[in-house]
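Fit chain B to the supplied structure of chain A, relying on the hints for placement.
If you read the protein sequences in the order shown, they are chains A and B. Heads up: the first sequence at position 365 corresponds to 365 in my numbering, and the numbers run straight through without jumps. Heads up: the second sequence at position 255 corresponds to 255 in my numbering, and the numbers run straight through without jumps.
None of these hints come from the bench; they were simulated from the model. Keep in mind that a hint or two might mislead.
Computed footprint of chain A on chain B, listed as stretches where at least three residues anywhere in the stretch have a Cβ under 8 Å from a Cβ of chain A [as the list claims (entries may be wrong)]:
no. : region
1   : 99 to 107
2   : 229 to 240
3   : 294 to 302
4   : 367 to 377
5   : 417 to 424
Predicted model only: the values in this text are computed from it and were never measured. C-beta: ideal position from N, C-alpha, C; glycine also.
Residue strings, one per chain:
Number of protein chains: 2
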Amino acid sequence: MPKTTTKTTTKMTTKTTTTIPADLDRWLTANDKSGMSDLFEFLRIPSVSARSEHDADTARAAAWLKAALTKIGFTTKVWQTRGHPVVVGEWRKAPPGAPTVLIYGHYDVQPPEPLDLWTSPPFEPAIRDGKLFARGSVDDKGQLWVHVMALAAHLGARGTLPVNVIVLAEGEEEVGSQNLAPFIEQHARKLACDYVVISDSTMFAPGIPSILSSLRGLAYFEIKVKGPSGDLHSGMYGGAVVNPAMALARILATLHDRNGRVALRGFYDRVRPFPAAVLKGMRKLPHSDVRFKKEVGVRALGGEAGKTTLEKLWTRPTCEVNGMLSGYTGEGAKTVLPSVAMAKVSFRLVPDQDPEVIERLLRSHLDTVVPPGVTATLHPMHGGRPWRADLDGPLYTAARVALKAAFGRDPVIVGEGGSIPVVGDFERILKAPVLLVGFGLPGENAHAPDEWISVQNVRLGTRAMAMLYDCLRDPA
Amino acid sequence: MPKTTTKTTTKMTTKTTTTIPADLDRWLTANDKSGMSDLFEFLRIPSVSARSEHDADTARAAAWLKAALTKIGFTTKVWQTRGHPVVVGEWRKAPPGAPTVLIYGHYDVQPPEPLDLWTSPPFEPAIRDGKLFARGSVDDKGQLWVHVMALAAHLGARGTLPVNVIVLAEGEEEVGSQNLAPFIEQHARKLACDYVVISDSTMFAPGIPSILSSLRGLAYFEIKVKGPSGDLHSGMYGGAVVNPAMALARILATLHDRNGRVALRGFYDRVRPFPAAVLKGMRKLPHSDVRFKKEVGVRALGGEAGKTTLEKLWTRPTCEVNGMLSGYTGEGAKTVLPSVAMAKVSFRLVPDQDPEVIERLLRSHLDTVVPPGVTATLHPMHGGRPWRADLDGPLYTAARVALKAAFGRDPVIVGEGGSIPVVGDFERILKAPVLLVGFGLPGENAHAPDEWISVQNVRLGTRAMAMLYDCLRDPA
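In isolation and in its complexed conformation, chain A is listed as follows (with noise of 0.2 Å):
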């Protein structure tokens, strides 16, 4: 990164002072308990979209959604999809000429297997130091319920809302979101919006307000790489036949160059640098290589020569193996020189680089490295966008003053590794800008047995969010 001073295009931090709306902040002292009650009651529907013994529990989940929003006086309604329904609420009664914001979550949970490492049962909430367990907690029906309440704040404490207000909640986030794009798509009008927030993320450390301002790509690939016809005795053939899982690591090994970085022809052409002011703040986080090491379990890090950790997780693009194949793996020896070896790779991207561009830079790469006596197949498998936000934006700008109020210091811009192509798909269909932030904390156990959710967080999420409604009705 230069060292020269360059013009910093985001603003990073704001002076504005402001504090949560004094009824707002009432208002949801005095509800706090039966919101909590209601939380809890979302939490015991087992909604897991991956099992169909659980199809009526999904369903009930939605319907218990639609009714939640009814009762603040959303006008509501459940669509069918092709497989779990989508819940969408509507409030549009802002003044003229005031933005609408729409909210993205889902009420579907992961499996709770394995039940026994369980603390207390994953559909019976319950609170333990100041942490709310249950299967969804903070993935995603806890989230989702913070805006939820941040709604009925506005409309409890002041009869109405500052912008109009679309909710819209999936049944299948956890099972691929299959329905969910061509739903927004045949309903684009409809669900028309200046804005998308979504929190179905984490902050970066607890105390510590996070915005996540990118999403990595991703280009999938399976590699094949044939030889002789059958396998053969590695004695008998072995030194005149090229072998196919020699040539595939040496295949490999020419995916990177001595500096970590890809060495596809073309590979960076499109990738737009980070903001400076972005790539600052990423530096100025309490971030340690030392208990990343600890964490990953390893005694050095690699990748890219001259980045950050961070950046590298966040901002660059990357080349990995996910699978390999090939040959005798069994126990012992077998002298055998295989007849086809096979390697799923994956290249993670960023802004603004092409899942299909880079496919046809890998099959260019390939022809120029495959060596004769074998052929490599290539198959794209699953790909994604990149995506990036505008924190220029008044979005970004409402969420900031929004999260200092509410947690008392400024947000940190952070990124994520993987992939969340729903965020794309918002932007592009709906050409209105996304915010992802989110209230989750790091070993929160998403995925796993005891997920929770900081009640702490629940509680100053939902002042965030409910403010920030009067920031994007007037934003700084």
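Chain B in isolation, oriented as in the chain A frame:
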């Protein structure tokens, strides 16, 4: 290879015009039918050493062979081992000063399955188109029987043999010969001999008698590369954590240089060049790369630059990947950054390379190529020394004369890319040179359904082996 004429240390052809002694030839012709009938009897015994339900059959085959040797005038004994028995027959009435020849073979056979792929049942010998079909016909009962008939010819036609003879037949060749080396060690004085003769291999092509002059050795390893303590999400961790599968691929890619040579430092230091005459002879063999590629099913061959295919297979050491496993290898895509990656890697060795030295070289190599962030462990699994015949000795001169007399043309010198550890054991323990002369043919299905041996090869092989004793009494 140098094009200049080098001193030919090996006499490749012989001007001797000796023919098969008439008395032996006559006796063999007269006893052809009964000899074949006896061989059928031997082949009918399903002595499958790998199957305990055939243990009684295996013992019966040993007893049958003992009886056959006794019948022609040998002193015989069946020795029990920890596995299947060893049959030893001795005839020691040669004139004082005559050499002693040890003939090794095996009376056990491979399992016959899959039975439905046999044209005639595996243990009901049948002759079709000059081929004798049966399990064990070529591997190795038929080839062992060639020797018994050759001995019978001498004792039948002349009542004596020009040399002392020991026949040693084991019943565990198809299951690893685990008890053979200990047996030879234990009975080294009893088995002391001047020459060892083994017929358990194939001729280069029909009508071309062949002497096997070399075997490659083996050094087999498992390399395990370990990275993070558990599998990681390739999105959340990819780019900062060293990927063990990628690291393994890069390690494997360092094992060869760009000319296809093994890149371990010092790997070729102990490679003793093959005699120029042997290499010259191999280049004259009727080998076709086009046919070889078709047989193997590839469009191009590989391996060491500047060597012919037969040179690569028979005279050069190799490094092959025999197996490779890491991460997710099932259907579809899983975005895992694997915790471990494994490869089975083996080296074929040529004289005077040593498996233990190769292990040391590989360890040193790994020390220099394993990147920080992963560790590699090396597990040696299997080793065997390479072997090369001294083609200049009286044993080989005798074999050339005898084979030419029987087959009407000079034998060719061939190599074998695989390993037969017992050959080295005989040389090491008994300090006697070993002659490998086989009468199988390409396509003989040694370990497959429809195993066969050429009836003509049995007849000519028997004559050649009968004449061998005359030649050894009085080497050219």
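Results of checking the hints against the structure:
1. 99 to 107: violated (count 0)
2. 229 to 240: Since three or more residues must qualify, the claim that chain A covers the region 229 to 240 of chain B holds, with 11 doing so at under 8 Å.
3. 294 to 302: Held - the region 294 to 302 of chain B has 7 residues with a Cβ nearer than 8 Å to chain A, which meets the minimum of three.
4. 367 to 377: holds (count 4)
5. 417 to 424: holds (count 3)
Going down the numbered hints, you'll see the structure goes against just number 1.
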